[in-house]
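Turn these sequences into a full structure, and let the hints steer you where they fit.
Residue strings, one per chain:
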Amino acid sequence: MRYVRIFLLHTQEVFEERSRLTVWFLLSWITPLVLILFWRGAKNLGGWTIQEIASYYLLVITMGVFLMSHHEEIIAIRDIQEGGLTAYLLKPFSYFWIRFFSEISYRFVQGAIGFLIFFLLIQFFPSYFVFTRSPLILILSIVIILLSLFLVFVFKSIMGILAFWLTDARGAFEAMGVILMMFAGYLMPLAFFPMWIQSFVYYLPFPYMIYFPVIAFEGKLTDVQLFKVIGVEIVWIVTFCILFKKMWHRGVKKYTGIGQ
Amino acid sequence: MIIKVEHLTKYYQVHQKEPGLSGSLKSLFNRKYFDSKAVDDISFSISEGELIGFIGPNGAGKTTTLKCLSGLLYPTSGKVEVLGYTPFERKHPFLKQISLVMGQKNQLWWDLPAIDSFLLNKEIYEITDTVYKKTLDELVQLLEVEDILQVQVRKLSLGQRMKCELIAALIHNPKILFLDEPTIGLDVVMQQKLRDFIKEYNKRYNATILLTSHYMKDVEQLCERVIIIDHGKILYDGKLEDIVKKYVKNKTLSIVFAKPVAIEKIEKLGKVLEIEGPKVTLSVPREKSNHVASKLLEEFSVEDLNIEEANIEEIIRDVFSKHKS
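Line by line, the protein sequences are chains A and B.
Following my numbering, the numbering of the first sequence begins with 1 at its first residue and continues without gaps.
Following my numbering, the numbering of the second sequence begins with 261 at its first residue and continues without gaps.
You may find that some hints are simply not true.
[Stated by the list, open to error] 30 angstroms max Cα-Cα, derived DSS-like pairs, lysine-lysine:
1. Lys519/B with Lys531/B
2. Lys253/A with Lys493/B
3. Lys91/A with Lys264/B
4. Lys519/B with Lys246/A
5. Lys531/B with Lys493/B
6. Lys506/B with Lys528/B
7. Lys365/B with Lys91/A
8. Lys477/B with Lys453/B
9. Lys253/A with Lys506/B
10. Lys351/B with Lys245/A
11. Lys509/B with Lys493/B
12. Lys253/A with Lys339/B
13. Lys254/A with Lys264/B
14. Lys525/B with Lys493/B
15. Lys493/B with Lys277/B
16. Lys365/B with Lys435/B
17. Lys528/B with Lys582/B
18. Lys531/B with Lys548/B
19. Lys365/B with Lys253/A
20. Lys339/B with Lys246/A
21. Lys246/A with Lys351/B
22. Lys356/B with Lys254/A
23. Lys254/A with Lys435/B
24. Lys292/B with Lys253/A
25. Lys245/A with Lys339/B
[Said to hold, decoys possible] Just a sample of chain B residues kept apart from chain A, beta carbon distances all over 10 angstroms, derived:
26. Tyr461
27. Thr512
28. Phe560
[What the hints assert, rightly or not] Using C-beta positions, here's what the derived DEER-type ranges look like:
29. Arg2/A with Lys582/B: 51 to 57 angstroms
30. Tyr3/A with Gln273/B: 35 to 41 angstroms
31. Tyr88/A with Thr346/B: 32 to 38 angstroms
To be clear, the hints were calculated from the coordinates, so they are not data collected in a lab.
From a predicted model like this one, the values you see are computed outputs, not experimental measurements.
Here a beta-carbon is modelled for each residue, glycine too, at the ideal position from N, C-alpha and C.
This is the structure we're talking about:
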């Protein structure tokens, strides 16, 4: 109950920061819409129909706003560099979970709006939306999506606490942005990449942040592949959690050593 | 003893850079570090319910000491024990019993009314509904903030915000309260209100309070005991009134004579500081001041006589400058 109440309080904050909410939401729509237009003119679609591609990008948008946290800058700049962390360190509650609830409220609000738009679009352009109708695949997809949400959260938290060591973490964030653009599936379905790239990219955590949740929901994965995705996600989550914990302990000691 | 500090030392490693671009290049390859001694081997202890003032100039080590006591800083050496805990471990039962308020930092949600931040703290500190309501009512009444609880924090004045910060910091009824410059930036009226509140809070809940301040008035009005710290060392630890006895050997007598007097006669009684018409200012050893005063009244025709205690702020400034030289 305590966690639910903390979550709800944070959700109120989301509604207060309307401008941030709107900007992020609108921004995330622009690129995919351009890309759909681009692919309409393309001849070779690598075995995908134009409907599948269009719904891929539309799902990237709707799921992207739900899955992709943006709290790394808050951790790095507001909390570590400007000293906001001080107040959290003296609270009898883990900083990781405070950030989690604060970020997750954003994700749920944005995800809800995304879902609403998705639902409206289906009414107008039913043929442009391909997604699974199988209950099993749907359930497994939801599991994958929720795991992705946590995976992105932990990954971005690690990026944020890099600021314990970097004076200016923005360079690292920009590099991360480019990598995500390429390998999380924002630019195009990873299935379009040459095989040799695909074969190693699937070992990285990035495709599990957007790409796999989207194609799972589209119904492009078999049951076995779905379970495999869940397995890899769990491995990455555990790895990142351990990494976060180690970095956090060292970083906090450094932070408190300097005395903000 | 609720707080025990033994030989606490905190050094910061600071790197030095020569000016200009060449200095920057040099420091890229060969960085020179030196230790800045923020707190240098201090010891003291504090019992429950005390209200103690830490005074010292900027960079004296006041805030560093408070941070070591609250668990924000990892000491370089020495032992710190607060409520039986080692602060730096920041165990949750320890954190639930303390609070640190820094005048320049805030914990309230900027975009929401203060009441929502209080609710968040209620959950974080696991306070039951009844206790929360009781504490909140008392604090709101003491600080007179009934009408601003529902207002967005960004719309509040600095003073109102500070009051709300205090409520957020006290909602879990901490046994120990660390206040770092609580009155900074506030106007005189608001400063006085906060002082009254701190005093009342200390009395009502028997809370142990340590405060640092630049304003001597804060310390004079609130604290029986003060710790004067400079360059990381404790210069004085004791009752405020005893500082005067320790550091001020003389008292100043200002006398207005009814008739002109022979200065030579007065000079026998003490050191003449100033003569201004019928008014003479005389400095005498403090233990003789009463005797001299009565002698003056007996032997001369005196219109007015004042025995002045030196200004506490001046004394402390004097202590610091003596320490430097």
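(message) Run the distance test for Lys519/B versus Lys531/B: straight-line Cα separation, threshold 30 angstroms.
(response) Within the cut-off at roughly 20 angstroms; holds.
(message) Please verify whether Lys477/B and Lys453/B have alpha carbons no more than 30 angstroms apart.
(response) Holds, at roughly 13 angstroms.
(request) Compare the distance between the alpha carbons of Lys253/A and Lys506/B with 30 angstroms, and conclude whether the hinted pair is satisfied. (result) Distance ~41 angstroms between Lys253/A and Lys506/B Cα, so the pair is violated.
(request) Decide if the proposed pair is consistent with the structure: Lys531/B and Lys548/B, CA atoms, cutoff 30 angstroms inclusive. (result) holds, 12 angstroms
(request) Mind checking the alpha carbons of Lys254/A and Lys264/B for me, to see if they're no more than 30 angstroms apart? (result) holds, 25 angstroms
(message) Given a hint of 32 to 38 angstroms, does the C-beta separation of Tyr88/A and Thr346/B actually sit inside it?
(response) violated, 20 angstroms
(message) Hinted pair, alpha-carbon criterion (30 angstroms max): Lys246/A, Lys351/B. Please report holds or violated.
(response) With Cα atoms ~18 angstroms apart, Lys246/A and Lys351/B stay inside 30 angstroms; holds.
(message) So if I understand the rule, the pair passes when the alpha-carbon distance is 30 angstroms or less; does Lys493/B with Lys277/B pass?
(response) holds, 27 angstroms
(request) Decide if the proposed pair is consistent with the structure: Lys509/B and Lys493/B, CA atoms, cutoff 30 angstroms inclusive. (result) Roughly 24 angstroms between the alpha carbons, so the hint for Lys509/B and Lys493/B holds.
(message) Run the distance test for Lys531/B versus Lys493/B: straight-line Cα separation, threshold 30 angstroms.
(response) Judged against 30 angstroms, a Cα distance of about 34 angstroms means the pair is violated.
(request) Please test the hint of 51 to 57 angstroms on the beta carbon pair from Arg2/A and Lys582/B. (result) Given about 55 angstroms between the Cβ atoms, the range holds.
(request) For the pair we were handed, Lys253/A and Lys339/B, check the Cα-Cα distance against 30 angstroms. (result) holds, 17 angstroms
Checked against the numbered hints given earlier, this structure breaks hints 4, 5, 9, 14 and 31; the rest are met.
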